[in-house]
Amino acid sequence: MAILRFIVFRAALGVLTLFAVSLLLFLGTQLLPGDVASALLGQSATPEALAVLRAKLGLNDPAYLRYLHWLFGVLHGNLGTSLTTGTPIASVLLPRLANTLFLAGYAAIIAVPLAVGLGILSAIREGGILDRTASILSLATISFPEFFVSYILIVIFASGFGWLPSLATVYDGMGFWSRLDATTLPAITLTLVVVAHMLRMTRTSTLAVMSSPYIETAFLKGMSRTRVVLGHALPNALGPIINVVAINLAYLVVGVVVVEVVFVYPGVGQFMVDAVSKRDLPTVQACGLIFATVFIGLNTLADILAALANPRLRSGLRQ
Amino acid sequence: MTIAGRRVPFTACIGGVIVLLTVVMILFAPWIAPYQQTKIVGGVWDPPNAHTWLGTDSIGRDMLSRLIYGGRTSVSIALIATFFTMVIGVGLGFLAASTNKVVDNILSRIVDILLAMPILIFGLMVFAVLGTSIPIMIATISILESTRVFRLARAVAMSITVMDYVQVARLRGEGVGWIILREVLPNAVPPLVAEFGLRFCFTFLFIASLSFLGLGIQPPAADWGSMVHDNAQAISFGGYAPLYPAAAIAIVTIGVNLIVDWLLSIHAMPAGASAGAEV
Chain A
1 MAILRFIVFR
11 AALGVLTLFA
21 VSLLLFLGTQ
31 LLPGDVASAL
41 LGQSATPEAL
51 AVLRAKLGLN
61 DPAYLRYLHW
71 LFGVLHGNLG
81 TSLTTGTPIA
91 SVLLPRLANT
101 LFLAGYAAII
111 AVPLAVGLGI
121 LSAIREGGIL
131 DRTASILSLA
141 TISFPEFFVS
151 YILIVIFASG
161 FGWLPSLATV
171 YDGMGFWSRL
181 DATTLPAITL
191 TLVVVAHMLR
201 MTRTSTLAVM
211 SSPYIETAFL
221 KGMSRTRVVL
231 GHALPNALGP
241 IINVVAINLA
251 YLVVGVVVVE
261 VVFVYPGVGQ
271 FMVDAVSKRD
281 LPTVQACGLI
291 FATVFIGLNT
301 LADILAALAN
311 PRLRSGLRQ
Chain B
320 MTIAGRRVPF
330 TACIGGVIVL
340 LTVVMILFAP
350 WIAPYQQTKI
360 VGGVWDPPNA
370 HTWLGTDSIG
380 RDMLSRLIYG
390 GRTSVSIALI
400 ATFFTMVIGV
410 GLGFLAASTN
420 KVVDNILSRI
430 VDILLAMPIL
440 IFGLMVFAVL
450 GTSIPIMIAT
460 ISILESTRVF
470 RLARAVAMSI
480 TVMDYVQVAR
490 LRGEGVGWII
500 LREVLPNAVP
510 PLVAEFGLRF
520 CFTFLFIASL
530 SFLGLGIQPP
540 AADWGSMVHD
550 NAQAISFGGY
560 APLYPAAAIA
570 IVTIGVNLIV
580 DWLLSIHAMP
590 AGASAGAEV
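Here the protein sequences come in this chain order: A and B. The opening residue of the first sequence carries number 1 in this note's numbering; numbering runs sequentially from there. The opening residue of the second sequence carries number 320 in this note's numbering; numbering runs sequentially from there.
Some hints here could point you the wrong way.
[Claimed, not checked] If you anchor each label on the Cβ, the simulated ranges turn out as follows:
id : chain 1 : residue 1 : chain 2 : residue 2 : range
1  : A       : D172      : B       : Q552      : 45 to 55 angstroms
2  : A       : G160      : B       : K358      : 29 to 39 angstroms
3  : A       : G160      : B       : V327      : 31 to 41 angstroms
4  : A       : A63       : B       : P454      : 37 to 47 angstroms
5  : B       : V327      : A       : D172      : 38 to 48 angstroms
[Said to hold, decoys possible] Listing some non-contacts, in silico: residues in chain B with all C-beta distances to chain A over 10 angstroms:
id : residue
6  : W350
7  : P366
8  : A435
9  : F441
10 : F446
11 : A447
12 : C520
13 : S555
14 : I568
15 : N576
Simulated from the structure, these hints should not be mistaken for laboratory data. Yeah, the Cβ is synthetic: ideal placement off N, Cα and C, and Gly gets one too.
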């Protein structure tokens, strides 16, 4: 039952963190010199117009009431109203969230098997060609800004060979395959951005287990390196690997911001950057909360899955 | 090549050369650049030719000269932001490790909350509220990123404050200031130098991304991130204009990373330090 207690505890911690972050996102808007009403109407606003707008936006309430009001709305799917367009944010944001998750999911489906597979392979042949190539590539992907990777790919595959479109244009009612075609370049960019880190961590976790005594025993029994790695080392390295995969998935959802802007892809990231330059606070707040939810959710999931993969935790915390 | 009796690996030499060239380029920009950074010398997005070696930008300015001057802005702002990041992070980290449990707990919980969110998302939030300007950007990045340094500095200081000589200093009646500055700091320098390099890489890339998004450094100051932003359209016309500043960002980052890798391999870092992808 220890494992159940751990899961409940970790999930509660995740929810608590999310609350703290939502409070921070709300307090952030309170830093504004003046308030939303004066920001909205500009300097030439008459006091009467300001008063009317303040009453309409509920700005006369104390801050804690406004926070609770906002939080209550969010929990009921009401993310507020955009300052620039006056439309409910949720109706614009949700289709974009679907687009972002589609792109991140597409990238994840390529990146995770690739990274874990290559990571295990380079652990099996430590110091081999694959291992050394992977370590150079990981330096490159850590050092290259996302937009650089994007532009290189565009120059090669869109301008050069003309295989793929350079803009990821998607619209409602678009077929699945044409959508896949449009999002392939951004998905490959995202894959390249996360794959090296995942690969290195998979390799390190596997190699860390390789120095334990039971691995030595397995070798002394005369087993091949491949069998030792796959049969003995990997099951024990699974916890850390799952953890690193989930953390990188969380990174995907955030790394998506720059990539979406490069490819003019209608996702949450591009929406948020747009709202920031227009200083549309409720929209930025809503986007921030969406990102925070996905990010904290995946991190919580990472810890829970890693615990589930750990036999010592699964069978009840004997240590 | 050897420094202080140690053989310097080939990769670190490459990193050193890159960093050295960058520093020379930045210091002597007016003498190296063929043209004024604001002077219009050709058409829009001219391809590379004998007069303008890397072609021209979106309004006909010399790309190479803009690159050389732009390095000044990009590198110096990243350096300033990294400096403040380290001062805040190391200062609070040492404070948490050298004072009592209450201070440590308060600081650590605040850092936990800030770490629960990607820096980019918090940063965008702040810019939406306060607008974009260089001082606001530097302040935001320093505060948000210092949380990452805090973890390392605290871990390093924790391993030092349990040493006998720190206990002796405490019994002697020295204050927290003395402990931090005279006992902990001198012994924590090596891992912090490597951390400075890592933080620089991250800050440098982060500011470039912000500028690329049109939210970082604003015109007229030329910087590499906004040069990518301004010339992004050239890609649709088959040009390579945004690739040059983007490559410059990548090369400088690789150079610093290569040196950091070498520093990390000399001084085994305590747990909590990582050169990996940062969120």
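Results for each hint:
The beta-carbon spacing between D172(A) and Q552(B), approximately 27 angstroms, falls outside the hinted interval of 45 to 55 angstroms. Here the CB-CB span from G160(A) to K358(B) is close to 32 angstroms, well matched to the stated 29 to 39 angstroms. Taken as a hint, the range 31 to 41 angstroms holds for the pair G160(A) and V327(B), whose Cβ atoms sit roughly 39 angstroms apart. About 26 angstroms separates the C-beta atoms of A63(A) and P454(B), a value inconsistent with the hinted range of 37 to 47 angstroms.
In this structure the supplied range 38 to 48 angstroms is violated for V327(B) paired with D172(A), their Cβ-Cβ distance being about 58 angstroms. For W350(B), the shortest C-beta to C-beta distance to chain A comes to about 28 angstroms, beyond the 10 angstroms cut-off, and the non-interface label holds. Against chain A, the non-interface label of P366(B) holds: every CB pair exceeds 10 angstroms, the least being about 14 angstroms. Not every CB of chain A lies more than 10 angstroms from the CB of A435(B), the least distance being 5 angstroms, so the non-interface label is violated.
The Cβ of F441(B) does not lie farther than 10 angstroms from every Cβ of chain A; its closest approach is about 8 angstroms, which violates its non-interface assignment. With 10 angstroms as the threshold on Cβ separation, the claim that F446(B) sits away from chain A is violated: the shortest Cβ distance comes to roughly 5 angstroms. The beta carbon of A447(B) sits about 4 angstroms from the closest Cβ of chain A, which is not more than 10 angstroms, so the claim that it is off the interface is violated. In this structure C520(B) is not separated from chain A by more than 10 angstroms, as the shortest Cβ-Cβ distance comes to only about 7 angstroms.
Listed as a non-interface residue, S555(B) fails to keep its Cβ farther than 10 angstroms from every Cβ of chain A; the least gap is roughly 7 angstroms. At roughly 5 angstroms, the least C-beta separation between I568(B) and chain A is not larger than 10 angstroms, which violates its mark as non-interface. Not every CB of chain A is more than 10 angstroms from the CB of N576(B) (nearest about 5 angstroms), against its label as outside the interface.
Comparing the model with each earlier hint shows violations of hints 1, 4, 5, 8, 9, 10, 11, 12, 13, 14 and 15; every other hint is respected.
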